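Q: Quick note, the sequences are listed as chains L and X, same order.
So in our numbering, spot 89 of the first sequence is number 89, and the numbers just go up one at a time.
So in our numbering, spot 238 of the second sequence is number 238, and the numbers just go up one at a time.
Just so you know, the hints here were simulated from the structure itself, not pulled from any lab data.
Owing to the predicted nature of the structure, the values given are computational and were not obtained by experimental measurement.
Don't take each hint at face value.
Unchecked claim - Using C-beta positions, here's what the derived DEER-type ranges look like:
{"id": "1", "chain 1": "X", "residue 1": "Q179", "chain 2": "L", "residue 2": "F14", "range": "18 to 26 Å"}
{"id": "2", "chain 1": "X", "residue 1": "L178", "chain 2": "L", "residue 2": "S136", "range": "20 to 28 Å"}
{"id": "3", "chain 1": "L", "residue 1": "G137", "chain 2": "X", "residue 2": "P90", "range": "54 to 62 Å"}
{"id": "4", "chain 1": "L", "residue 1": "G217", "chain 2": "X", "residue 2": "P90", "range": "37 to 45 Å"}
{"id": "5", "chain 1": "L", "residue 1": "K15", "chain 2": "X", "residue 2": "L279", "range": "38 to 46 Å"}
For each residue, glycine too, the CB sits at the ideal point set by N, CA and C.
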Amino acid sequence: MLSVRDLNVSYGDFKALHGVSLEVDEGETVVIVGANGAGKTTTMKSIAGILHVRSGEIQLCGERIERKSPREIVERGLVLVPEGRHLFAEMTVQENLLVGGQAVRSRRNLRANTAAMEERFPILGQRRSQAAGTLSGGEQQMLAVARALMSEPRIILMDEPSIGLSPLLTARIFAMVREINGMGITVVLVEQNVVQSLELATRAYVIAEGRVVLQGGAAEIRGHADVKRAYLGEV
Amino acid sequence: MHAALIGQLTIDGLLVGGVYALSALGLNVIFGVMRIVNLAHGEFVIGAALLAAVLFERWHANLFVVLPLAFVLAFGLGALIQRAFLRRLPEDLASAETTSLLMTFGLSYFFVGAWLAFFSGNFRSVPYLTGAWTIGPFSIAQARLVAFVASGIIAVLLAMLLRYTALGRSIRATSQNLQGALACGVDVERVRTLSFALGTAIAAASGCLLILIFTVNPETGANVTLASFAVIALGGLGNYAGTLVGAAVIGLAVSFTGYFATAQVAQAAPYVLFILVLLVRPAGILGKSGA
């Protein structure tokens, strides 16, 4: 469904990605792990069209998208939940959802989709008229995910959805990721919580210094000695 | 008697403040979305003011015809300028703000020249409403009241556009969080073009109202730009409600200094306030900055 081939991205003189390649099949949950600054967020933003790709190919359902605008990519059914949420803090919860649903494909279902999100995340319904910036961290993350779902995506990219959240809330976020995948939406997840994310993933990629250094089935990655040492604190 | 005088100056000041507010709102919409400080803003205000004056001289054109006409023309001109110039500025560079500042500075000079060529350097006004209504001890100039009410109506329409329409939500979303807007698939380029066009059109509308009260020529634009900046500095960049407060303060300052000191001092008043606020409360009187 999503195929990334030999992706190169630079910030000025700094080369952030050196030929990253990924494959994501329909219905999968793929997790990308790696240290801070390894290039995970850069990969996600490049796929979503927010960063300029120097070279390489990104295909979504067989169509090249590496030169498309973020809007065109959302229209094609790929949406990003950015790291740090990037909500519209002074707009209400409901307005945030409405902005999320402006893609042509989802626009005519705006009302129904808003109602569906409020049913799925009751807290968002209760806080409908509250400014998004006044929500708690966990609620904000739910809103960021709900806002992305408003565009009726076929594939959702989530960048560190559990960052800064308590273990309890993190568990809820992971339950939510499972649910979203259960709705038939393909998931690409960037996570610091390596153990938990590998539990719900079908496959995983490990990125270090802008390169894919390891890839495979989630269980296989979980058992890999390097991963144990670097991310799981095991010797 | 003293109380009556203060009341009169307050009324005059607040009525003019309404027009300042409108001009500053236009500037604020543009800044909010594009993070561009538009130094050519006053030229759009003055261009429309001079157009209104000429149409009045030639054909006694009614304000209610001229204002929508200027609005539409300025909207088109704003869209054109954004597409032709501002959009081509490099986006990722740290120098982008400086570059846009230089570009709008250049545009400002270009339009001063263009208005001089079109309208000559004469000072013009529109003696359209010259009477006054008397209410108790106060005299309310018709021109000021009409300008104030019209500014208020346009500001309310703008607020409704921003609050209740999909375009308005996109404009606010892009102002508040560009990365978030991009992630949601908001057509940021379109929002930028429409915001610049809208800001320019609002500037033009305020020009049509300003000329009911003041006499202007093509070189008055810089004063208007600075007064609008003073309003925004007082209210906080990107803060729409603060703009109204800032405009009231500037209007009152001009009105009171004009009476108790001289007209020259009154002209300097907005800038003195501007500098004071930047020194003491850089985020504006309300202490909240959208920047």
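Q: All hints are to be evaluated individually against the structure, with a verdict given for each.
A: We went through each hint and held it up to the structure:
Separation of Q179 of chain X from F14 of chain L is about 19 Å and conforms to the stated range, judged on CB atoms against 18 to 26 Å. Checked against the hint of 20 to 28 Å, the pair L178 of chain X and S136 of chain L passes, with Cβ atoms roughly 24 Å apart. Taking 54 to 62 Å as the suggested C-beta distance range, the pair G137 of chain L and P90 of chain X does not conform, at roughly 35 Å. G217 of chain L and P90 of chain X have their C-beta atoms about 44 Å apart, which keeps the hinted 37 to 45 Å range intact.
Restraint check, K15 of chain L to L279 of chain X: a C-beta distance of roughly 44 Å satisfies the suggested window 38 to 46 Å.
When the structure is compared with the earlier hints, a violation turns up for hint 3 alone.
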